[in-house]
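K.L.:
With chain A held as given, fit chain B onto it using these hints.
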Amino acid sequence: MAFKGTIVIDTEGCKGCGVCVTGCPQKCIALGKKANKKGYNHLEIIADTCIGCANCAILCPDGVIEVYRAKV
Amino acid sequence: MTREEIIKPENLVYSKTKVLTDTVMHYCPGCGHGTTHRLVAEVIDEMGIQSETLGVAPVGCAVLAYNYFDVDIAEAAHGRAPALATAMKRLRPEKFVFTYQGDGDLAAIGTGETIHACNRGENITIIFVNNGIYGMTGGQMAPTTLEGMVTATSPYGREQQFNGHPLKITELVAQLPGTYYVTRQAVYTPALVRRAKKAIRQAFEYQKLNKGVTFVEIVSNCNSGWKMSPVKANEWLEENMLPFYPLGDLKVPEKE
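From first to last, the protein sequence lines stand for chains A and B. For the first sequence, our numbering begins at 1 and goes up steadily by one. For the second sequence, our numbering begins at 73 and goes up steadily by one.
Just so you know, these hints were derived from the structure itself, not from any lab. Source: prediction; values computed, not measured. One should not assume that every hint holds.
[Claimed, not checked] Computed cross-link-like contacts, SDA-like style, restricted to lysine to any residue with a CA-CA straight-line distance of at most 25 Å:
| hint | chain 1 | residue 1 | chain 2 | residue 2 |
| --- | --- | --- | --- | --- |
| 1 | A | LYS4 | B | ARG266 |
| 2 | B | LYS304 | A | GLY23 |
| 3 | A | LYS4 | A | ALA35 |
Okay, chain A solo, but in the shape it has when bound (with noise of 0.2 Å):
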């Protein structure tokens, strides 16, 4: 059974820390070039191989990050 995943970020909350992109197994979050509007480069999807484990919404300090995840 193999699961997958994806997030949804709330771009306007994230600061950009990029201690998310350190627990990714998947390698497929990346801190940005596009700026929010409190001038912080936020997180984006770079890949599409989420496979929904929440470790990046676990890690995250601001809860800016909504995992989902569908079985396939």
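P.N.:
Chain B in isolation, oriented as in the chain A frame:
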């Protein structure tokens, strides 16, 4: 399967708990306070004790904790959170009472309150975030600052002869008969976050038994105070803080 097909309410596995308000936290990017707040809120949410929980906010970085937790929180004078929590618990013994304190608050100005509340064996939970520095006021040396660590008030590094030894307050309170559960955790990797959450849950569960203080230390980073990027600060924490403040349980109740 497209992204739109996955994003459905039945597939939701993680979202911010409702015990935290929507207010954006004022903490610096990557600060362990945010994660610790979330863990405490998640535990309160999972135990279903939101309406029975009373918190005490400290002075320090977490001074605005009452804006973030959707529970009743009182603000204590600097270091006096365990004293205020004592009063709350004695007046309303059926409530869950926790204090949320930093190292400047708990281990410096509030040492007396901390030690005596722990020694009296009050039935409260203390969440202690230790980042080895006074973060809020600009990174001055705290009692928990490591030897050789550079801060605003120890620019050449903390010297033992001049500044004394770093204080292991958690080891200290573990010696006291009034504490029931004392543990030290960290929140910079997913596995550690899960373990820290279990410890906080355990602390709140033990509070039901009325056996004494439950004390959870979270070794955290202070990237602004340490003048590092958040990810670098976490690496520094692992290399330098953890050898001196080793993770694990310091006092666990004996099995009956």
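K.L.:
Assess, step by step, whether the Cα of LYS4/A is no farther than 25 Å from the Cα of ALA35/A, and give holds or violated.
P.N.:
Distance of about 28 Å is beyond 25 Å: violated.
K.L.:
Check the hint pairing LYS304/B with GLY23/A against an upper bound of 25 Å on the C-alpha distance.
P.N.:
14 Å, holds
K.L.:
Between LYS4/A and ARG266/B, is the straight-line Cα distance small enough, at 25 Å or below?
P.N.:
22 Å, holds
Of the numbered hints given earlier, the model fails hint 3 alone.
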